[in-house]
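Reassemble the complex: the two chains are provided individually, in unrelated frames, and hints are given to aid placement.
In the order they appear, the protein sequences are chains A and B.
Under our numbering, the residues of the first sequence are numbered 12 to 401, in order.
Under our numbering, the residues of the second sequence are numbered 82 to 427, in order.
Keep in mind that the hints are not guaranteed to be accurate.
Cross-link-like lysine to aspartate or glutamate pairs, in silico, DMTMM-like; alpha carbons within 25 Å at most [unchecked claim]:
hint: 1; chain 1: A; residue 1: 20; chain 2: A; residue 2: 64
hint: 2; chain 1: A; residue 1: 280; chain 2: A; residue 2: 219
hint: 3; chain 1: B; residue 1: 122; chain 2: A; residue 2: 333
hint: 4; chain 1: B; residue 1: 407; chain 2: A; residue 2: 151
hint: 5; chain 1: B; residue 1: 122; chain 2: A; residue 2: 196
hint: 6; chain 1: A; residue 1: 20; chain 2: B; residue 2: 398
hint: 7; chain 1: A; residue 1: 20; chain 2: A; residue 2: 66
hint: 8; chain 1: A; residue 1: 84; chain 2: A; residue 2: 354
hint: 9; chain 1: B; residue 1: 407; chain 2: A; residue 2: 66
hint: 10; chain 1: B; residue 1: 224; chain 2: A; residue 2: 66
hint: 11; chain 1: B; residue 1: 224; chain 2: A; residue 2: 72
hint: 12; chain 1: A; residue 1: 280; chain 2: A; residue 2: 308
hint: 13; chain 1: B; residue 1: 224; chain 2: B; residue 2: 271
hint: 14; chain 1: A; residue 1: 212; chain 2: A; residue 2: 278
hint: 15; chain 1: A; residue 1: 328; chain 2: A; residue 2: 196
hint: 16; chain 1: A; residue 1: 280; chain 2: A; residue 2: 228
hint: 17; chain 1: A; residue 1: 212; chain 2: A; residue 2: 177
hint: 18; chain 1: A; residue 1: 195; chain 2: A; residue 2: 221
hint: 19; chain 1: B; residue 1: 122; chain 2: A; residue 2: 170
hint: 20; chain 1: A; residue 1: 328; chain 2: A; residue 2: 354
hint: 21; chain 1: A; residue 1: 20; chain 2: A; residue 2: 72
hint: 22; chain 1: B; residue 1: 122; chain 2: A; residue 2: 219
hint: 23; chain 1: A; residue 1: 20; chain 2: B; residue 2: 399
hint: 24; chain 1: A; residue 1: 322; chain 2: A; residue 2: 333
hint: 25; chain 1: B; residue 1: 224; chain 2: A; residue 2: 64
hint: 26; chain 1: A; residue 1: 280; chain 2: A; residue 2: 354
Footprint (simulated), chain A over chain B, 3 or more residues, beta carbon under 8 Å [unchecked claim]:
hint: 27; segment: 303-309
hint: 28; segment: 333-339
hint: 29; segment: 385-395
If you are wondering where the hints come from, they were derived from the structure by calculation, not from laboratory data.
Backbone N, C-alpha and C fix where the C-beta goes; we use that ideal spot for every residue, glycine too.
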Amino acid sequence: MTAVTDRQKLQYIAARAADARVNVELETEGMTLNIGPQHPATHGTLRIVARLDGEQVIAAEPVAGYMHRGYEKLAEVRTYAQITTLVNRIDWLGSFANEVPFILAAERLMEVEAPPRATWIRTILFEMSRIANIILFLGDMGVQLGAITPVFFAFRDREYVLDQIERVTGGRFHPNFDRIGGLKDDLPKGWLADTAQVMEKVRTFCDEIEDLLMGSEVFQQRTRGIGIIPPDVALQYGLSGANARASGIDWDLRRDGCVGLAYPEVDWKVWTHPDGDSFARFWVRLQEVREATRIIDQLVEGVPSGPIMAKVPRIIKVPAGEAWVSTENPLGEMGYYVVSQGDLTPFRLKIRSASFNNISITPWLLRGVYVPDIVTILASLYFILGDIDR
Amino acid sequence: MTSALLGLELAYWQSTLIRVLAGLAAVLLLTGGVVYLYLFKFVSFMQSRLGPMEAGPYGSLQLLAEVGKWLQKEDIHTEDSDRLVFGLAPAVVLSSTFLMFVVIPAGPDLVIANLGTGIYYVLAVSALSVLGILMAGWASANKYALMGALRAGGQLIAYELPMVLAVLGVVIMAGSLNLQDIVAAQSTGEIFGISWIGNPFILTQFVAFAVFMISVQAELTQTPFDMPIAESELVAGYQVEYSGIRFLVYFISEFATAVAFAAVASTLFLGGWALPASWGLSDGVMNVVGPLLVATKAVLLVGVVFWVRFSFPRFREDQLQRLAWKVLIPIALANILVTAVFKVAF
Chain A
12 MTAVTDRQKL QYIAARAADA RVNVELETEG MTLNIGPQHP ATHGTLRIVA RLDGEQVIAA
72 EPVAGYMHRG YEKLAEVRTY AQITTLVNRI DWLGSFANEV PFILAAERLM EVEAPPRATW
132 IRTILFEMSR IANIILFLGD MGVQLGAITP VFFAFRDREY VLDQIERVTG GRFHPNFDRI
192 GGLKDDLPKG WLADTAQVME KVRTFCDEIE DLLMGSEVFQ QRTRGIGIIP PDVALQYGLS
252 GANARASGID WDLRRDGCVG LAYPEVDWKV WTHPDGDSFA RFWVRLQEVR EATRIIDQLV
312 EGVPSGPIMA KVPRIIKVPA GEAWVSTENP LGEMGYYVVS QGDLTPFRLK IRSASFNNIS
372 ITPWLLRGVY VPDIVTILAS LYFILGDIDR
Chain B
82 MTSALLGLEL AYWQSTLIRV LAGLAAVLLL TGGVVYLYLF KFVSFMQSRL GPMEAGPYGS
142 LQLLAEVGKW LQKEDIHTED SDRLVFGLAP AVVLSSTFLM FVVIPAGPDL VIANLGTGIY
202 YVLAVSALSV LGILMAGWAS ANKYALMGAL RAGGQLIAYE LPMVLAVLGV VIMAGSLNLQ
262 DIVAAQSTGE IFGISWIGNP FILTQFVAFA VFMISVQAEL TQTPFDMPIA ESELVAGYQV
322 EYSGIRFLVY FISEFATAVA FAAVASTLFL GGWALPASWG LSDGVMNVVG PLLVATKAVL
382 LVGVVFWVRF SFPRFREDQL QRLAWKVLIP IALANILVTA VFKVAF
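The following block holds chain B by itself, in its conformation from the complex (with noise of 0.2 Å):
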């Protein structure tokens, strides 16, 4: 059995593994860029300080130094804790994440999976994230870890639904829920005749766009909507009794989903990996910049999530509830209407 990978002939199981050591060298890479640029650096200058400034030039090894630290620190579990339970969870977070990489394309050629139902697929693997949440809770035996587990229940399962309905309007305008074609529609579309810059949906999604980043916000469980981790009431939610290696793939896995995250709205919303198709740009010449397209959108997108993250408070729980039922919900679903009938009528 052959399989073709960027015009390369190869067995299956050589192009399986280029492809999930590729997918995980540039999640990781990226997760870490993300969190030294922003975490450590943007934030540091929001609140008028340094950051690290020690590890490395300007501070850049200051993440191997943490995962360093991490890792040397004693695995804690505690007394009454289900421990399989409590082993598995961040495992179980963690793959959620990792899967969502799976359809996102980085070129042409360049998709690990290329799904017909692909954005369908992103939704549902993220929703994991929560079964890993609950399960930590539960099997944490620590009244806080439960409180923001159930929280964190709560909250995840209100905001997949304005995501969804976000993200309807997307392949409402595209047609297709394969993320190839949606990148396609907006390179080759165009908006009122005007095909100079194609058609990203952000500009005519703007409000799908909103709903969606808010969504994200949400689900990545960040400032204003932190409230299952809660470090000032919870200590840490469902991550209190974690230590050592096991915090570490919370921690990635954090980082890595807001990634994701951003690199599925910059394939939604900015036009993906992909420049308009007016351009008249090769395939191979996008393979080689789509990547670099997509990752700086999706860094950038992280960007707006952390600067949101430091600039506001919390929500509390039942206010966040009625923002996703009584706002966001409601607001996504006109979107949708309004977005059937344009596209109906032009």
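With the rest of the complex left out, here is chain A (with noise of 0.2 Å):
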């Protein structure tokens, strides 16, 4: 911990530097900056406003809100059915992980509880949305620091995991596939076979990312030491997922928190990394990934057989109550507070999505910083716009 605790006081330094400059002959007016709505860097529409002195960063401030939908007040009018349709679109990376929250939220209201072959196939699928998702993270730091190669890398295996998806679910990026007391559909012939051999070449995906990328010394030079979140400061901002963990945190609500997912019957190990950097959080997403090919693996071994679908009424009307479920979703914690009156729709529902929280400490970190360390800030904290902004 003392050379994190060296480096963060360096970048201290370097931010008070940039807010007190007393060379008056040297003296030059600011630029202010705007990277977005619009910008290669921000992958969607997120606009953060820099203040400059040459190119170093005096004051950032994201400005969220340019893909605003309204899903909390969308769903106030839309059956628990329909509503799975909407929270799809939150994380459209890994669509079904934005699913099972909910469902787990609204099937603890209805007190019905999924049977165990329908909880194993979802533990199954979220962790393939999962991969889904990081993959693609993986092979987009490189593009945010110039390698291009790595992210077709990533394309291209990411079609197999989700070709495993759409087999299961019938949609590649809006599966819709969970239900209240079970799931949709059972899993097709022979695709439990299949998934081995996929997780082999997302493995091996991975080992070809620490070569080609995380192995590079331009990559190194990038990413260490760039972006330092201690562990308070993680915890004041609440970040979660990856983001906290790389600051050497050690919570995971797979492990801490897991409700109605079959993770305690697996073995397997929550990733940490002490350095909290841009270089951690991509170190821990990368083992992340290789961890959820492992959980995959073991569940694939032990499906139990039995229904999917717990006995629930045709028209679903939830009872009145009120109830907070939240998973460890790829982007960090996401939650869902439904609150039902007895009718056919929720009276509210707060989505509390991991990205929102992961870039509002952005302002703080990105102070005193070069404009690009600017992009490899953003790329390592790795948010999705719709996940920011629902």
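In structure tokens, the structure reads:
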């Protein structure tokens, strides 16, 4: 940890120096640079207003909301079955993972429990969404740093995972497969065997990325010591997921707050990294993809037999009450607070998505860095605009 | 006034016209070939995709389609841009590229102008492009363009130095600044008495070759030194406001410069157009084989440039300056020292 605190000090000094320019002779007028809403580094419509002195950032402010779609309000006029279609679009790279916490919250209100087979398949698909999501991050980080080859590998191997998801759910991006009390369908024949092969491909991809991108001297120079988040600051800003784990916070909802998913049944490990810099965030996510393939391999081995749907009425009326369920989604903690008054639709739905909290740290993090590092830091924080704006 | 070209007596204007047209055709063909071969196909195969397949056999006419697309696009000026400078900037960059080709020899008689100070001239005109880039960045009236241009200015000037110093090693070995003499020195030279392959300076000046190629990568602003373009942060740097034909000019100049530097590198280090003198081929044969040889070598070297470009992430601004000033320049200086000592000793 001492190495980290030294770097923290340096970053703090740089930020202070940017604040207090005393050399009046060389005093230059600052420049305000609008990064976004249309900018390749923000993969979506995030806008960052950066106040620059030369190439150094004095202050930066994220402006979200360009893609606000009002899902919380829309959900109030839709039945529970229709809402899964909506929430699919929040984090569009790992869509199935969005449905799960909502369905779990609704199940808790209705006091039904999905049969074991459904729970296991849910967990498999959940982890597949994680892989489909984070693989793209691993490639995209290269693009943001100027190496365009890894992202093509990422898209190539992500396709195998999406194919598997499609074979079960019928949708590549938006499965809309989770139902209150279970799943829409059972697994197709031969799917489990193919999944094991796909996991092998994903592991090969991880090795490739490790060789091509993470092992590169230039990549290390660009990411190590850049954008350090100390654990206490990470907690203050409410970071979750890999961003928090890369700061050394050993906290994972899959292990520490698992509800209704099959994680306790398998042997796996939560990866953390003590450094808290951009490299650590990349490294943790790479390990998480590997760990996800291990989880899926074990789950595939032991999917229990039985029904995939519990007994639920055809027309779902959720009893009055309130429930909060959050899960460890690819981007971090995602939770739904469902308030029901016994109608066909929820009275109020509050969505807690990870990216919104994850980018709230940017004003603190971007002070004193150079313009190229803005891109590194934003890429390593890994947000999805749909997950910020909802 | 008459001038001799390949043994023919022609009027001065005739020989000049032939030289210019042949030079232009060679440059554009090579550039187009390189773009197709590397930017379209080689890279696609690296990235496990096919690349263009529709336009012509295996997409070989894709470049023509692209050029057609650019030509018909609107030539946009931003409202605040300095129109004259904005329009001139691509021309300055392109002229710097074409001027480089003037002295690169492709055979015993195939050179547009055989200057006594050839390599000095090449390095001087290649530095002109900085001017065009700064003009573009300033005239675009765009913050991203300005930052890109300033980065380019710092970077190109920083990497001129190791490049010049690397070339000096070759100049000491050859004892001349003239590119024809440098080629001849490699062709007739010998390494410790072995004259079978002559003395291509890549064998004796491998340090200079490495420094030169790294500097070339930086001069071309190709990844890992593409901070001035940096599409993920500066969108496209100084090119951001250019569209249509002006962007096409930048595009041509980017790849033609790659070919030019590769041709210079193959002349300086790989023996240029010549085969070892001990093989005893006549000038007539070399006038035919020479251009093919130098073009092949240049294309291979461009391949190395692109291979690196699509394999690495990019350096940050301060990191690439550090590489130039703290690593490459000392190495190049040491190389000059060692070369001079060896030159005197042997």
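Evaluated hints:
1. Among the hinted pairs, residue 20(A) with residue 64(A) is consistent with the structure: their alpha-carbon atoms are about 21 Å apart, no more than 25 Å.
2. Under the criterion of a C-alpha separation no larger than 25 Å, the hint pairing residue 280(A) with residue 219(A) is consistent with the structure, at around 22 Å.
3. As the CA atoms of residue 122(B) and residue 333(A) are separated by approximately 58 Å, the hinted pair breaks the 25 Å bound.
4. Under the criterion of a C-alpha separation no larger than 25 Å, the hint pairing residue 407(B) with residue 151(A) is inconsistent with the structure, at around 31 Å.
5. Our distance criterion of 25 Å between C-alpha atoms is broken by residue 122(B) and residue 196(A), whose separation comes to about 43 Å.
6. Proximity of residue 20(A) to residue 398(B) is assessed by CA-CA distance (about 22 Å); at most 25 Å being required, the pair is judged to hold.
7. Under the criterion of a C-alpha separation no larger than 25 Å, the hint pairing residue 20(A) with residue 66(A) is consistent with the structure, at around 20 Å.
8. A C-alpha spacing of about 16 Å is found between residue 84(A) and residue 354(A), which places the hinted pair at or below 25 Å, so the restraint holds.
9. Proximity of residue 407(B) to residue 66(A) is assessed by CA-CA distance (about 22 Å); at most 25 Å being required, the pair is judged to hold.
10. Proposed proximity of residue 224(B) and residue 66(A) is supported: the alpha carbons are some 11 Å apart, at most 25 Å.
11. Annotation: proposed proximity of residue 224(B) to residue 72(A) holds, straight-line Cα distance about 18 Å (limit 25 Å).
12. Between the alpha carbons of residue 280(A) and residue 308(A) the distance comes to roughly 14 Å, so the proposed pair stays at or under 25 Å and holds.
13. As the CA atoms of residue 224(B) and residue 271(B) are separated by approximately 54 Å, the hinted pair breaks the 25 Å bound.
14. Under the criterion of a C-alpha separation no larger than 25 Å, the hint pairing residue 212(A) with residue 278(A) is consistent with the structure, at around 21 Å.
15. For a cut-off of 25 Å, the pair hint linking residue 328(A) to residue 196(A) stands: about 22 Å separates their Cα positions.
16. Simply put, residue 280(A) and residue 228(A) have alpha-carbon atoms about 28 Å apart, too far for the 25 Å limit, and the pair is violated.
17. Distance check on the hinted pair: residue 212(A) and residue 177(A) sit about 17 Å apart at the alpha-carbon level, within 25 Å; holds.
18. Pair hint residue 195(A) plus residue 221(A) does not hold up; C-alpha atoms about 37 Å apart against a cutoff of 25 Å.
19. This hinted pair checks out: residue 122(B) and residue 170(A) have alpha carbons roughly 22 Å apart, not beyond 25 Å.
20. With a CA separation close to 6 Å, the supplied pair residue 328(A) and residue 354(A) stays within the 25 Å bound.
21. A C-alpha spacing of about 22 Å is found between residue 20(A) and residue 72(A), which places the hinted pair at or below 25 Å, so the restraint holds.
22. As the CA atoms of residue 122(B) and residue 219(A) are separated by approximately 21 Å, the hinted pair is consistent with the 25 Å bound.
23. Taking the CA atoms of residue 20(A) and residue 399(B), the gap is near 20 Å; set against the 25 Å cutoff, the hint holds.
24. As the CA atoms of residue 322(A) and residue 333(A) are separated by approximately 22 Å, the hinted pair is consistent with the 25 Å bound.
25. For a cut-off of 25 Å, the pair hint linking residue 224(B) to residue 64(A) stands: about 13 Å separates their Cα positions.
26. Distance hint between residue 280(A) and residue 354(A) is unfulfilled; the C-alpha atoms sit about 41 Å from each other, more than 25 Å.
27. Look at the segment 303-309 of chain B against chain A: 4 of its residues bring a Cβ nearer than 8 Å to a Cβ of that chain, three or more, so the hint holds.
28. Against chain A, the segment 333-339 of chain B contributes 0 residues with a C-beta closer than 8 Å to a partner C-beta. That does not satisfy the three-residue criterion, and the hint is violated.
29. By the rule of at least three residues with a Cβ nearer than 8 Å to a Cβ of chain A, the coverage given for the segment 385-395 of chain B holds, with 5 such residues.
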